[in-house]
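Chemist: Chain residues, written in single-letter form:
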Amino acid sequence: MNREKQRYTLRVCVCAGWLVLSARVMGAEPVQVALSEQDFFGEVPVVLSVSRLMQPVSEAPAAVTVIDRDMIRTSGFRDLADVFRLVPGFYVGHFTGNEQVVSNGLNNRYFGRVQVLLDGASVYTPMFGQVPWSALPLALEDIERIEVTRGPNAASHGANSFLGIINIITRDPVQDRGSLLAVRGGAPALADAVARHGGKAGGWDYRLTVGHKQDHGFELRNDHQRTDFISGRGDYRIDEQNTLQVQAGYTGALFGKGYFDSKLDVPHDQQVQSSYQQLRWRRVVGPDDEMSLQFYHTSNSGHEAVTTTPYVESGVPILATFLRNDLDSERFDIEFQRNQRLSPALRVVWGGSSRLDRVRAPLYLNTTATKTSKLQRVFLNGEWRPAANWVVNGGAMWEDNDITGTDLSPRLALSYHFAPGHTVRGGVSRALRTPTVLEDSGDYNLTLNIGVPPGSATIPYFKGGQGLRPESIVSRELSYLFESAAHGFSADTRLFVDRIQNTIAPVSTAGVPYTFFLFRNAADVTMKGVQTQARWRAGATQIALSHAYTKTVIESAYNTNVAEDLRKSNPSHIGSALLSHRFGSGIEASVGYYQVSEMHPIGDGQFLKHYRRWDARLAYDFRVGGQRGQLALVMQNLFAPYSEFRRENEFKSRTFGTLSLEF
Amino acid sequence: MRQRLHKAMQAMLAIVLFCGMGFAHGQTQILLVLSDGSGACSEVAVAMQSYFATQNSAFDIRTINASAFSAARINFTETDIIVAIGTHAMEQVSVDARVPVLNILVPRQSYESTRLRAKHDSRQYSAIYLDQPLTRQLQLIKAALPNRDAVGVLLGPSSQDRLKPLQQAAREQKVAVSAEQVTTEEDIIPALKRLFTSADVLLALPDPLVFNKNTAQSLLLTSYRAQIPLIAYSKSYVSAGALAAVYSTPAQIGQQAAELLVRLMQAKTLTLPSPQYPKYFSVSVNYQVARSLGLTIESEAALLEQIKAGMERE
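Protein sequences, first through last, are from chains A and B.
Going by this note's numbering, the first sequence opens with residue 1, and the numbers climb by one from there.
Going by this note's numbering, the second sequence opens with residue 1, and the numbers climb by one from there.
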């Protein structure tokens, strides 16, 4: 009943959103003001302060890949997660059409080991460490750019910034005044719509976006999705130095789950809700002098229930049993950050944060109680330029959490610009990954009705390790970066050695009478390899290339099964290429190529053969009555089907069209 | 901070003026009319005084605020020339003045519209503009961004008449110009996006409709996101996020005005030269923005030298 009500409320919100969006704003009256010396000497608020400025890849303290709007658009991707196929070494898989996996090594359905920030708010869930990619209340159209750090950077982003950090930055509302309406349709039963309105009201620059997404997903899975979301952002300038930013979003979704051939996990629906609220105050005194205080709250919940199909196991009749899985988690976080320049050569950023996570998951934790955990952090990072062509980046984060106690994550990187456009960088970084709630205190059992003798049997599946040590990584890298601004070309290649200790893995454990999985600190793993990326922008043509070769060495493991699981989870080659060209007549064409060598992802994944995938997109820009519009046709996987994450997830050619109008 | 500086300037000015008083009659008598509420005007006056002090010039200087200026109250027999500092002073003085007026620290466009109302003979009414000549601004672009030669400008009601002179200057400097006209604040972003299809650098020309405190954010952000550097006309815009600017400080304007007055006195004439652009100027670069855009920009001093060398060649 309650859920019915929530869905109804969402519908009302979305309808109201559409109504607001359909209203046009009135144009302001022309103003005529005389020019005076104030136009020359008056103060102007600092707009491009240090936190807003994008760090050039050649000056970043770690390996960074930037995905901009152009790349997102020309790739033709419809799901945010797919965009990370363009990042060297990043694996993207679809466990189902509505549940994506994005990871950078030890590829795993649940524990991504990648920190994901949406405008500074951490969005991975405390229960699994998963990111609810499909349920993020976010339209691709609202993303300005995505900065991906390949490798740990816990000194800046805290524990769990383990094998990578994805930093999603949405557009400032001032950039998108007016309305946008986009509809998309195609196979498999795909029907999406996004509407956005941006404007200015009472000193607020605002943006409001509503969206709907639905499809049938993979043919051989119960894999439909219906997703509705609403998100908004408002920026208010209090005075010349102070601004206030408010953001909120809500997603309500229905996801198909279960397997057609399963007696227990029979096909069913999962109801998912995801929401966030964020408030940020920023004070910018000068280009190098600013502080911010931010508070956010995120919440995720999933509800599903099944009635199992009766079957006979080892002569025991298992009767139909009603099972339900309710999962509610939320996060409260407050963070203070200060950027300042201490001398012409030294810039620092420091701050602290405090976080509270709450999880309630009766099925996974075998308790109806809410589990809470707290996290405290203090960090300091500096950028020192002892000479014009040297940059030293260093910093550390001190953390204290309820699960594993106190730890320090330091980092040091040295960049030397040895000739114009040529940089070498060496760096060492240490990071930790706190066990997720499931790994630490999971207790997942199924209690099934049995016929003979009448009663029930409890079958354990997963148990948490209780008192696990955090995983730790020491990452060493040596990079060479080349950039020729005059030719629009940049490329970098990175050699890395990541040594991961205390890797947590589920270990098959004999119990009485059943065997179950126990999470243990089960292995030490070394991953080493080469990652390369190149970008070329020559007038109307753009090319982005990425490639990663990874060798996985299991230094020690609890047993050979664990060793094999971890080793096979990494494909040795991942590559991508995206080529786009804008023709003079408003036509834009692009081709994407993606390949992943054979692998076997952990956590409900299956062995997958090497695959190659080609995508193509053709778009036409037009004008109707002075308004801009675009018609686009996307074809994904032009050739033979391949499997995503599991063999039955056959990705066949998909074709869809998008019509968008700006007014 | 600005407020404090302003107060300090006023105090300094008072001391300097006090010392300057009491000169024997027969000296050139100058009345400085200062626009209110602007620290820049006081800075100009201080710079003028300092220059006079180095010249042992026989000037008798009085100062009043523009709001207190009234032709009826001014003893014109004891005033040889009025120096109006800032637009408010210029407007107050233009109403009725019987002595030559030199307007300084005024934008060219405001001067020209005020000039139409002033009843003075052209030899008795002139100005030192606050704006830089267009050629100089284009030279900054050429010096800072030698690989960029497609200049975009956003023109509003106050700057639309600059298009022709800009096109002329651009031909001389061998750069291309594309322009978009805006009449309301709502037009700015769409016009900017249209400009970005052809321009690889944006030149800001002062226009209160286009460039003001409220529009600065969307202008700077939009051009930054499009990787198009903005070349501005004031230091404040450089701090705010513009790539670079060529501009004159109040002290530089004051210096030029004082030199002009000394020359007139030495020539024993009160015939004013025609309006002129600033002779002294500065260059400011936001290197942080440059780095972020992947641009390598020479030092401010080197850019200044290149612009000066370019001017001498003209």
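Because the hints were derived from the structure by calculation, they are not lab data.
All values derive from a computational prediction rather than experimental measurement.
There's no promise every hint is true.
As the list claims (entries may be wrong) - To spell it out: a stretch of chain B is covered by chain A in this simulated footprint if at least three of its residues, at any positions, have a beta carbon under 8 Å from a beta carbon of chain A; those stretches are:
# : stretch
1 : 49 to 61
2 : 204 to 215
3 : 240 to 247
4 : 254 to 267
5 : 294 to 305
To be verified - Below are the DSSO-like pairs computed for lysine-lysine, each with C-alpha atoms no more than 30 Å apart in a straight line:
# : chain 1 : residue 1 : chain 2 : residue 2
6 : B       : K279      : B       : K174
7 : A       : K200      : B       : K174
8 : A       : K200      : B       : K193
9 : A       : K200      : B       : K279
From the three backbone atoms N, C-alpha and C, an ideal C-beta is built for every residue, glycine too.
Chemist: Indicate, hint by hint, whether the structure satisfies it.
Modeler: Hint by hint, here is what the structure shows:
no. : hint               : in the structure
1   : 49 to 61           : violated (count 0)
2   : 204 to 215         : holds (count 7)
3   : 240 to 247         : holds (count 3)
4   : 254 to 267         : violated (count 0)
5   : 294 to 305         : holds (count 3)
6   : B:K279 with B:K174 : holds, 23 Å
7   : A:K200 with B:K174 : violated, 40 Å
8   : A:K200 with B:K193 : holds, 19 Å
9   : A:K200 with B:K279 : violated, 42 Å
Of the numbered hints stated above, those contradicted by the structure are hints 1, 4, 7, 9, listed in ascending order.
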